[in-house]
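Given chain F, work out where chain R should sit, using these hints.
Now for the letters of each chain:
Number of protein chains: 2
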Amino acid sequence: MKTVSTSKSHGGIQGVYSHASSACDCDMTFAVFVPPQAAETPCPVVWYLSGLTCTHANVMDKGEYRAKAAELGLVVVCPDTSPRGAQVPDEPDNWQFGCGAGFYLDATEAPFADHYRMYSYVTEELPALIADRFPADMTRQAICGHSMGGHGAMTIALKNPDRFTSCSAFAPIVQPSTADWSVGAFEKYIGHDRAAWRAWDACALVDDGARFPGGFLVDQGTADGFLETGLRPWLFAAAAKKAGQSLTLRMQEGYDHSYFFISTFMADHLEWHAARLKT
Amino acid sequence: MKTVSTSKSHGGIQGVYSHASSACDCDMTFAVFVPPQAAETPCPVVWYLSGLTCTHANVMDKGEYRAKAAELGLVVVCPDTSPRGAQVPDEPDNWQFGCGAGFYLDATEAPFADHYRMYSYVTEELPALIADRFPADMTRQAICGHSMGGHGAMTIALKNPDRFTSCSAFAPIVQPSTADWSVGAFEKYIGHDRAAWRAWDACALVDDGARFPGGFLVDQGTADGFLETGLRPWLFAAAAKKAGQSLTLRMQEGYDHSYFFISTFMADHLEWHAARLKT
Chain F
96 MKTVSTSKSH
106 GGIQGVYSHA
116 SSACDCDMTF
126 AVFVPPQAAE
136 TPCPVVWYLS
146 GLTCTHANVM
156 DKGEYRAKAA
166 ELGLVVVCPD
176 TSPRGAQVPD
186 EPDNWQFGCG
196 AGFYLDATEA
206 PFADHYRMYS
216 YVTEELPALI
226 ADRFPADMTR
236 QAICGHSMGG
246 HGAMTIALKN
256 PDRFTSCSAF
266 APIVQPSTAD
276 WSVGAFEKYI
286 GHDRAAWRAW
296 DACALVDDGA
306 RFPGGFLVDQ
316 GTADGFLETG
326 LRPWLFAAAA
336 KKAGQSLTLR
346 MQEGYDHSYF
356 FISTFMADHL
366 EWHAARLKT
Chain R
96 MKTVSTSKSH
106 GGIQGVYSHA
116 SSACDCDMTF
126 AVFVPPQAAE
136 TPCPVVWYLS
146 GLTCTHANVM
156 DKGEYRAKAA
166 ELGLVVVCPD
176 TSPRGAQVPD
186 EPDNWQFGCG
196 AGFYLDATEA
206 PFADHYRMYS
216 YVTEELPALI
226 ADRFPADMTR
236 QAICGHSMGG
246 HGAMTIALKN
256 PDRFTSCSAF
266 APIVQPSTAD
276 WSVGAFEKYI
286 GHDRAAWRAW
296 DACALVDDGA
306 RFPGGFLVDQ
316 GTADGFLETG
326 LRPWLFAAAA
336 KKAGQSLTLR
346 MQEGYDHSYF
356 FISTFMADHL
366 EWHAARLKT
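Chain order of the listed sequences is F and R.
Using the numbering used here, read the first sequence as starting at 96 and increasing by one per residue.
Using the numbering used here, read the second sequence as starting at 96 and increasing by one per residue.
Only chain F is shown next, with the shape it has when bound in the complex (with noise of 0.2 Å):
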């Protein structure tokens, strides 16, 4: 593990890191702060799972979490959205595919399962990583993440009930297997067989039995270009009534789907997990 960069902020310290991945067989970059109390006792981790364009810089930069992480005594990890490099195949011109849009699943189609498998960077080598060389008490974690991360800490929550406390999503895209902006990333990375989509789809893992005690927190604003064509909470507030899934679903007046909107609420998810989290 290379550091890119460490800067003190809000009494903790906010880095910036890459490593040679085994999972994604490229080179990752990713952001960890680490808060003033970690200098004394390992601290709890929450996972920050990006949208589709970012990098682990975006939310570093703008999302506003370090006053309270700082406040709070939580590690935060953000991680990179997708593999990159050179040898990666990808679609420049295509936001919605490749670079940028990993969907934090494992691909099995050619030519992307090389590279494209960042549910296993996300849910074991970057684990592993954050073990080993950061002061993280990885007994206690939780994940969050905004609109493709959203979708992707819901989904990783859905499918490692044991691992976490509690996931918070800003604006996800729940049913992505439906999503205009996703249908065109599954079939390329997961193939035309829609039985094999369902894994990665949180409305489809409910449907389907999977379960999360934890609960989740979903904030998604009114003015958000994307919340019909693309997000649509409700439909899995459905599949959370039907199944006995708990959710709390707060619809935010007049926001929209940037950082503005992320920044605003972030303060909000933190105390909620932290609750959970027992800081």
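Each hint should be verified, as a subset may be incorrect.
Pairs involving identical chains hold if they fit within one copy or between any two copies, as the list cannot separate such chains.
Listed next, the in silico DMTMM-like pairs over lysine to aspartate or glutamate satisfying Cα-Cα at most 20 Å (straight line) [unchecked claim]:
id : residue 1 : residue 2
1  : 254       : 201
2  : 337       : 227
3  : 254       : 366
4  : 373       : 135
5  : 163       : 366
6  : 163       : 188
7  : 336       : 363
8  : 163       : 363
9  : 373       : 288
10 : 373       : 323
11 : 337       : 302
12 : 373       : 348
13 : 157       : 257
14 : 283       : 302
Calculated directly from the structure, the hints in this document are not laboratory data.
Computed from a prediction, not measured in an experiment: that's the story for all the values here.
Quick look at chain R alone, frame taken from chain F:
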């Protein structure tokens, strides 16, 4: 004035606007945050002047001012750092001069004097536009800035002591007339007669009798790579002590020159201004 974008954030509105500037003889872009309290009554204004290489967007994205400004009921105005555009003379490879490096002064030397009039822009033209188009209480204004913008805030406060209740700075260039990164710009903007430079130098202004009754708050990181060569807050501390000028200088252990530093102390600065603006 043209609205470039608006987004709801922290209960207020973060907007970006552009207009044809007569002071700078080019189109200028700026950011304004209007807090929720402004729906009821005009709110006091905090000016934030950015540093070298920045536009209005850097602090808007990374400065973490909205949560506290929304709580305290402060309008926050973030101008650009220079004129810009095809007709504006520039040295694209020089980050310490030209576009992104207006130094908040009025240039007197050709060919720069036609556009590089950031002092007039920030103290006359833009305030008139803000007063006309935003719910701002212009009888209550404070000013702050970072690095080159800290220089701007301090010199503008000293030159307009009755306009602002208070002035604060993050890692300001306190003596630009002798600092490595500003001497070249001063020569090109205002010529070789160094006596003329004293009107744009916080230390020289205080030495020459200017006073700011509102007092200064300055935060400076000890791990700032520009501390010894460009910033040197001790020079202003000495000038202020000699002159009886109120100054609170806080050396912040381990902090660098980045927005990770600025965002850490932004809430402190806004609270300090709000106490003086009597919000």
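Original post:
Hint by hint, which ones does this structure get wrong, listed from lowest number up?
Top reply: Hint check: 2, 3, 6, 7, 9, 10, 12, 13, 14 fail, others pass.
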